[in-house]
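**Student:** Residue numbers (my numbering), protein chains in the order written: chain A, 326 to 626; chain B, 9 to 697.
Chain B is faced by these chain A residues, among others (derived, beta-carbon under 7 Å):
id: 1; residue: D520
id: 2; residue: Y521
id: 3; residue: A523
id: 4; residue: R526
id: 5; residue: M527
id: 6; residue: R528
Since the hints were made in silico from the structure, they are not lab data.
By construction, the Cβ of each residue, glycine as well, lies at the ideal position given by its N, Cα and C atoms.
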Amino acid sequence: MTEIIHDIGRPRAAPGLGLAGDAHVGLLRQVLNILTRSPLATVGASILLAWSLLALLAPWVSPYPPNRIDVALVADPYPSAAHWLGVDHLGRDILSRLIWGARTVLTVAPIAVLGAVVLGVFLGLVSGYRGGFIDAVIMRIGDTLLAFPKIILYLIIIAKFGASAFNIIAVITLSSAPIIARIVRGVTLDVKNRDYVAAARMRGESALFIMFVEILPNARGPLIVDFFLRLGYTTIAIGVLGFLGVGLPPPDPDWGGMVKEAYGMIFVWPHMTIIPALAISSLVIGANFLATGLREASLDG
Amino acid sequence: MADVLAFENVSIAYDHRSGRQNILRDVSFTIADGEALGLVGESGCGKSTVALAAMRYLPRGMSIVEGRILVEGRDTAGLTDHELSRIRGNRIAMVYQDPMSSLNPVMPIGRQLMEVPLLHGETDEAAAFRRAVAMLEEVRLPGAAAMMERYPHQLSGGQQQRVVIAMALMAEPALLIMDEPTTGLDVTIEAAILELVRELRAKFGTAILFISHNLGTVARICDRIGVLYAGRLVETGNIASVFHAPAHPYTRGLLGALPRLHGGRRRGRLRPIEGTIAAADRARMGCAFAPRCVYAVRHECEERPVPMVPANGSDAHLARCVRLDAIRASAADAPTIGNDEPVAGDAPILLSVRNLTKEYKLGGMFGGTGKVVRALTDVDLDARAGETLAIVGESGCGKSTLAKIISGLLTATSGEALIGGTDVATIPVDIRPPDLRRQVQMVFQNPDSTLNPSHSIAYALTRPLRLLRNLANRDAKAEVSKLLAQVRLPADMAERMPHQLSGGQRQRVAIARALAGNPGLMVADEPVSALDVSVQAAILNLLAELLESSQLGLVLISHDLALVRHMADRVAVMYLGRIVEYGPVEQVFAPPYHPYTAALLAAAPTPDPDAEPPDRVLEGSMPSPTDVIVGCPFASRCPERIAGLCETTPPPVRRFGEHRIACHLDLDGTPAQPAAETGGRVGIRSSIS
Chain A
326 MTEIIHDIGR PRAAPGLGLA GDAHVGLLRQ VLNILTRSPL ATVGASILLA
376 WSLLALLAPW VSPYPPNRID VALVADPYPS AAHWLGVDHL GRDILSRLIW
426 GARTVLTVAP IAVLGAVVLG VFLGLVSGYR GGFIDAVIMR IGDTLLAFPK
476 IILYLIIIAK FGASAFNIIA VITLSSAPII ARIVRGVTLD VKNRDYVAAA
526 RMRGESALFI MFVEILPNAR GPLIVDFFLR LGYTTIAIGV LGFLGVGLPP
576 PDPDWGGMVK EAYGMIFVWP HMTIIPALAI SSLVIGANFL ATGLREASLD
626 G
Chain B
9 MADVLAFENV SIAYDHRSGR QNILRDVSFT IADGEALGLV GESGCGKSTV
59 ALAAMRYLPR GMSIVEGRIL VEGRDTAGLT DHELSRIRGN RIAMVYQDPM
109 SSLNPVMPIG RQLMEVPLLH GETDEAAAFR RAVAMLEEVR LPGAAAMMER
159 YPHQLSGGQQ QRVVIAMALM AEPALLIMDE PTTGLDVTIE AAILELVREL
209 RAKFGTAILF ISHNLGTVAR ICDRIGVLYA GRLVETGNIA SVFHAPAHPY
259 TRGLLGALPR LHGGRRRGRL RPIEGTIAAA DRARMGCAFA PRCVYAVRHE
309 CEERPVPMVP ANGSDAHLAR CVRLDAIRAS AADAPTIGND EPVAGDAPIL
359 LSVRNLTKEY KLGGMFGGTG KVVRALTDVD LDARAGETLA IVGESGCGKS
409 TLAKIISGLL TATSGEALIG GTDVATIPVD IRPPDLRRQV QMVFQNPDST
459 LNPSHSIAYA LTRPLRLLRN LANRDAKAEV SKLLAQVRLP ADMAERMPHQ
509 LSGGQRQRVA IARALAGNPG LMVADEPVSA LDVSVQAAIL NLLAELLESS
559 QLGLVLISHD LALVRHMADR VAVMYLGRIV EYGPVEQVFA PPYHPYTAAL
609 LAAAPTPDPD AEPPDRVLEG SMPSPTDVIV GCPFASRCPE RIAGLCETTP
659 PPVRRFGEHR IACHLDLDGT PAQPAAETGG RVGIRSSIS
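Based on the sequences and whatever the hints tell you, model everything.
**Tutor:** So this is what it looks like as structure tokens:
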């Protein structure tokens, strides 16, 4: 039996983010509401927030310029009072490089994911709402893109167009958009048969209006969860690209690049590899925790 | 001998993070050996919790905080898990609403039936097989031996429910608990299942706890009835006593809120119960119903606990009310009776449907099976201004398809639907000219999906005002309050989100939305079927008021004959995509009938314990819409089929003035036709007139 709300005398407590649609409750309050209910989301959000603050305030909080080479320090590169996380093989301060590197990853990853969301949402909506031939074409192109191992796809495109922030964003956008399109298409297929969509058609709303105003808001729950999950994956992808040497060009600090540069010396100076690797992990875990927490909170209702 | 089941002052609560919620409070009843007790109430009243508690199957977090539950005299609280599982298997069996949830989809039903005695170690394979076949015959499943090999998905919904009942009876239980066993079924199937339960009860003497929201089904099955409201029993008594002389204002309200099949009530008003259903967890000292009760007196009703007291001077009929005497003396809650004068029939025609046919080709991307589904075949009807045209039939009869073609959500394959001279049958709503679009608006069935959960009520009403009436934003805002007032909702409702509204309130908003463009014709597809009885009455009254105060035409799609009798001016009865009977309501609901209409009328459960049980119930189920029907679509189930004629030749349309019936039977136009010719139909007539 479907649940009928009117058997409860008072309105139900505002449910989780977006899934039940409470545009009227302020977004900030919704977020706080979820964070207080889900410890996992709180931990995840704290990690992301901490890195974001560090990245934002890099010029002020970074103890040294990230690219200052001081070969003298290589004699004793381990963590010390002057260099909390030690220095790398060129004597550059690892903490400073991590903080500046956070700037890179925290701009490139969200922009790439946002790009994927914009493209994926549009394709998913059109595909699901129009159906038929258009749907088949969009989805088959998406399937083809997904059929490539991602790394190969990245390497092919970057080898062709060169390594730059823009190209990395483009590559990640293109490779993630099909997955987001699938999510949005799924929601669209469900929602387009709801009576309120029929009501919108009956008053003469345009197809674009129905897609973006009637259908899309109902996908925001799964989209927000997916955004943070994908932020984690993208952080890994940027790390991998850096590690393979096709990431952002040196000398600007890049976490994946830091791992790669120090990787050869892992048995001599393990901290040079492990610390940036942990930084990548922390960001991925933070994004994952937040996504999982949000999903649980929204399922809780 | 001890009662099969006894609840003694049982209170059940649900503990969750934000605290304790009472589900049942101080519920006491007994079921004697062989007795059938009906438990009725609206959603959220706790009736299903009673069933779960009797089986000791309470979900996590729910617990019995007070009172005792005795099964055959034994307190179930002291029993071990092993003893409890023996009780569940042997002494109490349960039938749920959805048969598929009780059947294993990957096991033949014969094996599932045989498992019952085998698991209890009672018999060997061969004996279990014989018992299973015998039991399938008991529940009137055709070809029982062959049926043993079938899988659940190969059976229809009604057949599945029969299998579940057979499975429940295999253990020869002392008590059968049925929780809404016929709620998802069509009315003719429901009647057949209820008939079966009556028969089996007479044969096996099993006691029954019958849980339902439908007073009509309870009246047909049970000896006694208990009425639950907000987790409390408010009235118990014998069926006849409670239905003829309901004592508690809530019971009186429920009965008054129900549209009736009998007598002329057209344009009458039902008596809805004001307010919204109270949650059981209100920490209320007194009567939970008091806030909605027209008889409530504050200090008397709300300030101290209300005991069960004898109603009508008998200990067998109890009601939880302190104002029984005052209520008996008053008739403030009697429903008003409408008139039943024939409609004039000269109102302008808004919609004229001719030979409308809708076909679907089955199959996927690469051609498919070539099968064709005929959803509608040669439908003819007219809808007039100021009148209600009801389209009635069981699921799959094409009534919703017809509604969608009229409103442009689907397009027809052939035929025409004229609105103001324009044929809209093949024009989807998206490309209808604005003025045509404005003409027809629709109210949907499901209050949960009729409003977009992401947008406010103001949005739902402003958009159609802007698009259909070209109002500027500011004018639209003013108009929203007017619309809300028209559907009896406060103006501040506009700022709410759909999830903050009750089902009835959402359905009112949906009606307001349909009215926003000042349509000529409103198509309402089962507008109240998802609502509780008391809420449903208020919506029906609202529709009746709207129709009286305007020239709005209403096309009402419904499966509920009583509702149709109450609301409609003209009725079209549909079966398998065809109209089998059409005419003014008072003529369709009186002889001569199409045999299908007669069967529907006989099957409709009425809240009247004296109503004769249907003298026959339809066998089988509706043919598949992919079957090619040459003759009469109803021939496969018709009790009056003329062999060799009905299956092969399309039935002629017999006309009695405006009333028309598509049937081979020689139906005489006058109600006083000789009994010899109509044989079986006499019984039907006496039971409904």
